[in-house]
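With the sequences and hints as input, model every part of the structure.
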Amino acid sequence: KQEVTQIPAALSVPEGENLVLNCSFTDSAIYNLQWFRQDPGKGLTSLLLIQSSQREQTSGRLNASLDKSSGRSTLYIAASQPGDSATYLCAPPSGGYNKLIFGAGTRLAVHP
Amino acid sequence: EAEVAQSPRYKITEKSQAVAFWCDPISGHATLYWYRQILGQGPELLVQFQDESVVDDSQLPKDRFSAERLKGVDSTLKIQPAELGDSAMYLCASSARGGGLAGNEQFFGPGTRLTVL
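Quick note, the sequences are listed as chains A and B, same order. Offset between the first sequence (1-based) and this note's numbering: plus 15. Offset between the second sequence (1-based) and this note's numbering: plus 1.
It is possible that some hints are incorrect.
[Claimed, not checked] Label-pair restraints from in silico Cβ distances: (1) G56(A) <-> P82(B): 24 to 34 Å; (2) Q60(B) <-> K57(A): 15 to 25 Å; (3) P82(B) <-> G111(A): 28 to 38 Å.
No lab work stands behind these hints, which were simulated from the structure alone. Cβ atoms here follow ideal geometry from the backbone N, Cα and C, with glycine treated the same way.
Here it is as C-alpha cells:
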C-alpha cells in the first residue's frame, strides 16, 4: 500500500530564498510522480510530472527530482516570491489504474 | 486552454438531504476520477472511471454514494442522504488514459465545496 509523507508540514520564508520540499513514498514501483500546487479553497494545479526514467524535470523556477530506489522526490523552488505561497502536494500513483496517493502537503508562506 | 469543469462550486445542505455534483473532463480524456479532500489533508480517491466503466470504487461509501458516467464523457457524483462527516471538497480529475502508463498526467477541476449542516 502506497503511503506518502511530506516534510516539512509548513514553511515560512522571506522572499528570495531557495526552497526544498521533500516527499517520501513507500512503494517504489511507480511509472511517474506528480507535484501539484493548491491555493486555499481551490482545486489542484499540476506543476510537474516526472517520469521514472528521468531523474529531474524543470519548469521555470521549479525543479523536481525523483529517486525511485530510495522512495524520495524533491521539489526545488528557486528565488521564492510571495505568489508562490500555497500548499504543495506530491502524488505518486498506486495500483494498476494510476490512482494518485497524496501526502498532506507542505504549506508554504513567502513574505515580502 | 482545456480545463476540467465542475459545478456547483459551493453547496450547502442539511443532513439527510440529497446532493449531486457534476464534472465535465477535458475533451478526449478517457479516464475520470472523483477525489474527496477533507480540510488539512490530501485528496483521496472515491471512484475512477475508464470510459463509462468503474475500475476502482474501493473507497466509495456505497450505502450513500453513487457515481455514473453513462456516455463516457461527463459524470455525476451523488450523496443520499448527506451526513455531517461528508463536509469536504469534492474534486474531479481527468487523464488521457489510466492503467499506470508513463506520461499519464492528471488534471483537476476547481472542486465543489460541500457543507452539511
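For each hint, the structure was consulted:
1. G56(A) <-> P82(B): 24 to 34 Å: Roughly 26 Å apart at Cβ, these two residues keep to the hinted range, so it holds.
2. Q60(B) <-> K57(A): 15 to 25 Å: Taking Cβ atoms as reference, Q60(B) and K57(A) lie about 23 Å apart, which means the hint holds.
3. P82(B) <-> G111(A): 28 to 38 Å: 33 Å, holds
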